[in-house]
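All chains, full assembly: derive it from the sequences and hints.
As they're listed, the protein sequences go chains H and C.
Counting from 1, one number per residue, gives the positions in the first sequence under this note's numbering.
Counting from 1, one number per residue, gives the positions in the second sequence under this note's numbering.
There may be inaccurate statements among the hints.
Taking CB as the label site, the calculated pair distances span [to be verified]:
{"hint": "1", "chain 1": "H", "residue 1": "Q117", "chain 2": "C", "residue 2": "T127", "range": "20 to 28 Å"}
{"hint": "2", "chain 1": "C", "residue 1": "D57", "chain 2": "H", "residue 2": "G82", "range": "52 to 60 Å"}
{"hint": "3", "chain 1": "C", "residue 1": "S156", "chain 2": "H", "residue 2": "D34", "range": "26 to 34 Å"}
{"hint": "4", "chain 1": "C", "residue 1": "A11", "chain 2": "H", "residue 2": "A11", "range": "22 to 30 Å"}
{"hint": "5", "chain 1": "H", "residue 1": "N53", "chain 2": "C", "residue 2": "H155", "range": "43 to 51 Å"}
{"hint": "6", "chain 1": "C", "residue 1": "Q52", "chain 2": "H", "residue 2": "G93", "range": "48 to 56 Å"}
{"hint": "7", "chain 1": "H", "residue 1": "D158", "chain 2": "C", "residue 2": "D22", "range": "28 to 36 Å"}
{"hint": "8", "chain 1": "H", "residue 1": "K77", "chain 2": "C", "residue 2": "E4", "range": "29 to 37 Å"}
{"hint": "9", "chain 1": "H", "residue 1": "K77", "chain 2": "C", "residue 2": "N70", "range": "44 to 52 Å"}
{"hint": "10", "chain 1": "C", "residue 1": "R115", "chain 2": "H", "residue 2": "P45", "range": "18 to 26 Å"}
Derived from the structure by calculation, the hints contain no laboratory data.
All residues carry an ideal CB built from backbone N, CA and C; glycine is no exception.
2 protein chains.
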Amino acid sequence: MTIEEFFQLSAGKWFSHRTGHDLASKQSKNGKSDVIIEILAVDHPDVVKLCQNYKIDPSHASCGVRVTWNGTIESVKEKHSGSTVLVTIPDEGYSDRGKLLQEIVSAEKTSITGRYQIGSDDALILTTESGSMWSEERLWFASPNLRMRSSLMKHSGDFSMASYTSEIRMGGSQPAAKASDAAQSASS
Amino acid sequence: MTIEEFFQLSAGKWFSHRTGHDLASKQSKNGKSDVIIEILAVDHPDVVKLCQNYKIDPSHASCGVRVTWNGTIESVKEKHSGSTVLVTIPDEGYSDRGKLLQEIVSAEKTSITGRYQIGSDDALILTTESGSMWSEERLWFASPNLRMRSSLMKHSGDFSMASYTSEIRMGGSQPAAKASDAAQSASS
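Quick look at the structure:
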């Protein structure tokens with residue numbers, strides 16, 4: 001699978017169920033969100049702007065995607081929403097790996113860079129580093145309508161949090177899936 | 001990595017934090033356990049007996065392991081404990097894949113068979129099927145002292161549950177790890 005195909009498969013609306021395991025306190029934190037994933041043309045102003053922020057020629061971008069979320073963190077009944085734009089810049093001569101540019105707009109606006117790679121098992125690995133935080137996320141499809149994510153965060157070199165997310169397609173680019181039968185269609 | 005090396009790395013005592021996402025009801029279920037993983041010699045009576053149950057020559061077994069757990073399911077404050085013996089029978093000519101035999105002793109005693117495979121990324125994939133249940137589990141090491149697991153279950157062909165587990169070494173075969181500094185040592 002190419003990164004373009006991975007993002008195409010990801011496009012649409014998802015119900016996202018996330019659990020974090022705090023590795024020091026051994027507590028869990030659950031969150032549920034509606035997530036919308038949209039493909040952005042490589043000449044979309046947000047893609048071009050993000051490339052320019054890092055002084056990268058926008059013509060080198062292979063993919064752009066916008067992820068918007070709106071949900072609740074259960075323990076604190078706290079609403080959270082935000083969006084992020086991701087842009088991939090393939091390494092020269094490679095179709096499966098490269099540089100990742102990301103801008104996150106939530107409580108505040110953050111830009112980070114990292115790396116992406118599609119494994120031989122079609123899973124996408126995203127690695128980002130920002131200040132003392134390091135994170136690696138693995139995303140893969142169990143079926144076209146069920147996406148899984150697991151991520152690990154390090155803070156100042158120590159693993160601090162493991163997070164796990166199950167995402168069930170609610171509609172969008174895969175016409176077979178409807179919100180009313182999302183759980184059933186997860187198996188299709 | 002070979003299956004023998006994967007089990008050797010797994011040997012010891014672990015704090016195991018498990019979360020299940022019910023894909024239909026969208027509810028989570030958390031559980032915490034102490035888990036002990038012991039390597040069994042291939043001529044151990046439990047390994048030999050499990051092979052004989054499936055009319056497999058015990059000399060074909062490459063690995064035996066016993067997993068014992070003792071913990072609590074949080075929502076119902078319910079104690080759960082049990083043990084399982086796993087035996088691997090490599091496919092002829094392959095060191096990275098083969099048949100998996102498993103006997104689980106919990107509320108009742110169940111024997112199941114399945115398949116194992118070590119991927120090119122050193123993750124272990126276990127697939128089992130029993131009646132209308134199908135399950136695939138992926139296990140991998142983030143570090144020698146932090147093991148991750150994610151599994152998916154199907155019931156009658158539909159995905160029913162996604163489960164995620166973080167396991168922090170509490171002691172045992174890796175002398176660097178002590179119970180008192182498990183979270184810190186998870187990063188080593």
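Need the list of violated hint numbers for this structure, in ascending order. Hints 4, 8, 9, 10 are the ones this structure does not satisfy, whereas the remaining hints hold.
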